[in-house]
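Note that the numbering used here has the first sequence beginning at 1, numbered continuously upward.
In case anyone wonders, no lab produced these hints; they're calculated from the structure.
The beta carbon of each residue, even a glycine, is placed where N, CA and C say it ideally should be.
Do not take every clue at face value.
[Said to hold, decoys possible] The list that follows gives simulated cross-link-like pairs (lysine-lysine, DSSO-like), each with its CA atoms no further than 27 Å apart:
#	residue 1	residue 2
1	119	231
2	247	88
3	231	163
4	173	269
5	173	247
6	339	89
7	400	345
8	339	481
9	283	216
10	191	216
11	393	247
[Said to hold, decoys possible] Restraint-style ranges between C-beta atoms, simulated for each label pair:
#	residue 1	residue 2	range
12	143	373	23 to 29 Å
13	102	306	33 to 39 Å
14	352	113	30 to 36 Å
15	116	245	20 to 26 Å
16	468	442	20 to 26 Å
17	306	491	15 to 21 Å
18	192	122	31 to 37 Å
19	235	490	22 to 28 Å
20	342	57	14 to 20 Å
21	406	306	41 to 47 Å
22	299	406	43 to 49 Å
23	445	352	24 to 30 Å
24	455	282	22 to 28 Å
25	487	342	17 to 23 Å
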Amino acid sequence: MSELKVYNTLSREKEIFKPLNAPHVGMYVCGPTVYSDVHIGNCRTIVSFDVIFRYLQYLGYSVRYVRNITDVGHLENDADEGEDKIAKKAKLDNIEPMEVVQKYTNGFHEVVELLNTLKPSIEPTATGHMVEQIEYVQGIINSGYAYVSNGSVYFDVEKYSEKYNYGEISGRKIEDLKNNTRDLKGQGEKKCPLDFVIWKKAEPKHTMQWNSPWGKGFPGWHLECSVMSTKYLGEEFDIHGGGMDLKFPHHECELAQNTACSGHSHSVKYWLHSNMLTLNGEKMSKSTGQFFLPKQIFEGTTELLEKAYSPMVVRFAMMQCHYRSTMDLSNDALLAAEKGLTRLKNGLEAIDSSKEGEESFFDINGIEASFKSAMDDDFNTPVLVANLFDVVKQINLAIKEEKLISKNDREALKSLFDVYLTQIMGVELNTNAQSDSDSNLVEDDLIQLAVDVRNQAKNNKDWETSDLIRDKLTKLGIQLKDSKDGTQWSK
RNA sequence: GGUUGCGUGGCCGAGUGGCUAGGCACAGGUCUGCAAAACCUGCUACGGCGGUUCGAUUCCGUCCGCAACCUCCA
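Please take these sequences and the hints and turn them into a complete structure.
What follows is the structure, encoded as C-alpha cells:
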C-alpha cells in the first residue's frame with residue numbers, strides 16, 4: 001500500500017507525511033475575515049482543506065483541525081495604516097462591529113455547510129484571544145524581535161533576518177524585498193519598511209480597541225494565527241494551510257512571529273497552499289466585478305452562469321481539479337461536472353442490476369489500491385475521480401456483457417464509492433431523486449398520475465396524447481425516461 | 001522590475017523519459033411508436049526554438065505568452 005505524500009511549500013517537494021505525534025495530527029487553516037460575504041474562492045480553500053481533513057481521518061489519524069475567524073485587526077492596506085476592515089464596515093452600515101462579525105460569520109457557516117464541509121475541531125476568534133495576543137506581543141518584545149514605536153509595536157524584520165530566514169515560504173530574499181518595497185506614507189514609525197505591526201495603536205474614535213501595556217489598541221492581522229495555533233496545537237505542529245495568496249506576507253510574518261516568540265524555527269512541519277479560483281481566466285475580484293457569491297451559483301442568479309448549479313455540483317467540479325492548480329470556474333466546467341456527477345450516480349445505481357455469481361469480474365483490491373494511491377499522492381482528487389469513472393465503465397460493461405459479480409464484491413464496490421466519493425471527497429449522491437423531499441409528496445403523486453395516464457395512452461397507441469403529456473412535463477422541468485421496465489421520471 | 005508557478009486535443013483538467021488519465025462536447029451505434037434519457041464505440045494532444053538521450057510532452061537552456069504575490073484578498 002502506498003504512503004501519503006504531501007507537497008510542502010517550504011521544500012517545494014512532495015514529502016512523506018509523518019506527523020510529529022502520531023496518531024495525533026494538528027492542522028491550522030486560515031479562515032475568513034468576516035467583513036463581507038464569502039466568495040466562492042474562499043470556499044475553494046475551505047473545501048480543499050476539508051478533503052484533507054477527511055482523508056487524514058480516514059487514514060486513522062486523530063486530527064485537531066483549527067480554523068480561525070478573523071474579527072479584528074485586518075487593515076485596509078499593508079502600510080499598517082488605514083482602517084480595520086470590520087470597523088469600517090460597521091461604520092458604513094451604522095451597526096456594531098460585532099454585528100458585522102456575527103452577520104458574516106453566520107453567512108460563512110451557512111455556505112460552507114451547503115458545500116458539505118465538516119466543522120473544524122476549534123474555530124477560535126481573534127477578539128476571543130486578546131489576552132493571549134497581548135502576552136504574545138510581550139513575548140516577542142522580550143525575545144528582542146519587536147520594538148515599541150508611538151504606541152504601536154512592530155516586528156523587527158531586519159534583526160530577525162540576521163539569525164533566521166525571513167522569506168523562506170515565498171522564496172523571497174530580504175534584499176530584494178527592501179529594494180522592491182514601494183514608498184508608502186505612514187511608514188515613519190517603522191525602522192524599516194519591511195517591519196510589520198503586531199500591535200496597533202488605536203485612534204480615540206476607533207470603535208475596536210483594547211487596553212494593553214502599550215496603550216489602547218488592537219492586534220495586527222498576522223498575530224492571531226500565531227497565537228491561536230500555538231495555543232491549541234503547540235509551538236510545533238503538523239500542517240498549516242491557507243490560500244496561495246497568503247504565502248506573502250501573511251504566512252511569512254506568522255512564521256517569523258512563531259520563531260521569534262518560541263525560538264523554534266520549524267514551528268510548522270508542512271505548509272500546504274491551495275490555489276486560486278479564476279473566472280474566465282482571471283482571478284475573482286470584487287473590485288472588477290469578476291466574481292459571484294456562492295448563493296448566486298446555487299440559485300442561478302448571476303449573469304455569468306447560464307443556470308443554477310447545486311452545491312454538490314460545485315463541490316464535485318472542485319474535486320475534478322487538483323487543489324494546487326488554478327481552477328477556472330465557468331458555465332462549461334459546472335455543466336460538465338453536473339453531467340459527470342449524473343453519470344457516476346447512474347453507474348452506482350446500476351451495480352444492483354448486475355448479475356450475481358460466485359466468480360467476480362471485478363478486481364476489488366486493484367480498484368481500492370488505485371483509489372488510495374490517488375489520494376496518497378498529495379490528495380490527487382482528479383485522478384481519484386478518473387478512477388471512479390473507470391469503475392463506472394466497468395460496471396456498465398459488466399451489465400451489458402452479463403458478467404458476474406459476487407455478493408461480497410458488490411457490497412465492497414458500493415462501500416468503496418461511499419468511502420471515497422462521499423466520505424472523503426464529501427460529494428453526496430442523491431440516489432433517490434423521486435423521494436428526496438417529503439414536502440412535495442402531493443406534487444410527486446400528481447406527476448406519477450400524469451405518467452400513469454400517459455402510459456395508458458401509450459398502451460392504446462394514442463401517441464398524440466402521450467406526447468402532449470410528455471411535452472408539458474418537460475416544460476415543467478420533469479424528465480421522463482422510458483425503458484423496458486416502465487417509465488421513470490426525474491425533476 | 002523581483003518572487004512563485006503555469007502553458008496539454010473543441011472545452012475543462014491529470015500525468016509520465018518509452019506502455020501516452022478522466023469528464024464535457026462532437027460523430028457513429030444500441031434501445032425506442034417517435035423522442036429524451038441511459039449505455040457502447042470512435043476522437044491521440046502536450047507554446048516556439050535549441051540541447052541531453054537509443055528515445056522527451058516529460059530533463060536542461062532560451063524565447064514567447066499567461067497567472068498569482070510584491071497593495072486588502074482564500
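Verification of the supplied hints:
1. Distance restraint check for residue 119 and residue 231: the Cα-Cα separation of roughly 19 Å lies within the 27 Å cut-off, and the hinted pair is therefore satisfied.
2. For the hint linking residue 247 to residue 88, the alpha-carbon distance of about 25 Å falls within 27 Å, and the restraint holds.
3. Between residue 231 and residue 163, the direct Cα distance comes to roughly 25 Å. Compliance with the 27 Å bound is thereby established for this hinted pair.
4. As the CA atoms of residue 173 and residue 269 are separated by approximately 21 Å, the hinted pair is consistent with the 27 Å bound.
5. For the proposed pair residue 173 and residue 247, the alpha carbon gap of about 14 Å is at most 27 Å, so the pair holds.
6. At roughly 41 Å between alpha-carbon atoms, residue 339 and residue 89 are farther apart than 27 Å, so this suggested pair is violated.
7. Among the hinted pairs, residue 400 with residue 345 is consistent with the structure: their alpha-carbon atoms are about 17 Å apart, no more than 27 Å.
8. This hinted pair checks out: residue 339 and residue 481 have alpha carbons roughly 16 Å apart, not beyond 27 Å.
9. Between residue 283 and residue 216, the direct Cα distance comes to roughly 38 Å. Violation of the 27 Å bound is thereby established for this hinted pair.
10. Among the hinted pairs, residue 191 with residue 216 is consistent with the structure: their alpha-carbon atoms are about 22 Å apart, no more than 27 Å.
11. Of the supplied pair hints, the one linking residue 393 and residue 247 is violated, its CA atoms being roughly 41 Å apart against a limit of 27 Å.
12. Between residue 143 and residue 373 the CB atoms are about 44 Å apart, so this pair departs from the stated range of 23 to 29 Å.
13. About 35 Å separates the C-beta atoms of residue 102 and residue 306, a value consistent with the hinted range of 33 to 39 Å.
14. Our hint of 30 to 36 Å for residue 352 and residue 113 holds, since their Cβ atoms are close to 31 Å apart.
15. A hinted range of 20 to 26 Å holds for the C-beta pair residue 116 and residue 245, which are about 25 Å apart.
16. About 23 Å separates the C-beta atoms of residue 468 and residue 442, a value consistent with the hinted range of 20 to 26 Å.
17. Between residue 306 and residue 491 the CB atoms are about 18 Å apart, so this pair conforms to the stated range of 15 to 21 Å.
18. Distance hint check: the CB atoms of residue 192 and residue 122 are about 35 Å apart, consistent with the given range 31 to 37 Å.
19. Take residue 235 and residue 490: their Cβ atoms lie about 55 Å apart, and the range 22 to 28 Å is violated.
20. Distance hint for residue 342 and residue 57: a CB-CB separation of about 28 Å, inconsistent with the stated range 14 to 20 Å.
21. In this structure, residue 406 and residue 306 meet the distance hint of 41 to 47 Å, their C-beta atoms being roughly 44 Å apart.
22. A beta carbon spacing of about 45 Å between residue 299 and residue 406 agrees with the range 43 to 49 Å that was offered as a hint.
23. Hint check: residue 445 to residue 352, Cβ distance near 25 Å, so the stated range 24 to 30 Å holds.
24. Between residue 455 and residue 282 the C-beta distance comes to about 51 Å, which lies outside the given range of 22 to 28 Å.
25. Checked against the hint of 17 to 23 Å, the pair residue 487 and residue 342 passes, with Cβ atoms roughly 18 Å apart.
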